[in-house]
Amino acid sequence: MKKIVLAIIFLFTLSVSAQDAKKWTVGVGVNFIDNSNSQNGNYFNVSNWNSTLSVSKLSAQYEFYKNFAVSSEFTFNRLDKDKDQNGGVIESNLSYFGWDFNGRYNTAGLFKLPSKYVIEPVVGVGLSWTDGISNQSLNAGLAFGYFFNDVYGVRLQTLGKFASETDTTVGNNMIQHSIELIFKL
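Under my numbering, the final residue of the sequence shown carries the number 246; numbering is consecutive throughout.
Be a bit skeptical, because a hint or two may be false.
Restricting the straight-line Cα-Cα distance to at most 27 Å, the calculated cross-link-like pairs of lysine-lysine (DSSO-like) are [claimed, not checked]:
(1) LYS83 / LYS173
(2) LYS127 / LYS84
(3) LYS177 / LYS83
(4) LYS177 / LYS84
(5) LYS84 / LYS173
(6) LYS245 / LYS144
(7) LYS245 / LYS173
(8) LYS245 / LYS83
(9) LYS84 / LYS245
(10) LYS177 / LYS127
(11) LYS127 / LYS83
If you're looking for bench data, these hints aren't it; they were derived computationally from the structure.
Using the sequences and the hints given, assemble the complete structure.
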């Protein structure tokens, strides 16, 4: 019995210690997909964006070394009929699901900013499904965050997704913007 009590106390101590470090961050938000082939520099033409305008992004991030983190992000969306997509037009409403694994580095300290600011270059890989058709991508982007206190914050992120299969009008190269509420655990 003493061993069980000691084990519980030990695990509780580890748990309290881990909570002080706040290495985990989780997020919930919305995302917007633009794969309108914005080579003319019209990246923020919101009329070409696709969104469900509801909770469509869930993320979890772990800081494994000072300012270095890995994240897993799940997004879902709807690609709307008659919108421009990669040089073509979507013929019917389509569903989109994405699962990304990214590395992040918080560069805010390099700019001598307070710890409540987060500026992260983001690189990684992703899997996506557009109406059941799968694709893989290399991801690169930038995220900006701001913490209102030690726990709660907001993050804006733009991620370019460069697909391995580009022979379809939908589900290949795209830009994904997102805004999410984030919580340190």
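Requested in this report: List in ascending order the numbers of the hints, as given earlier, that are violated by the structure.
Outcome: 6
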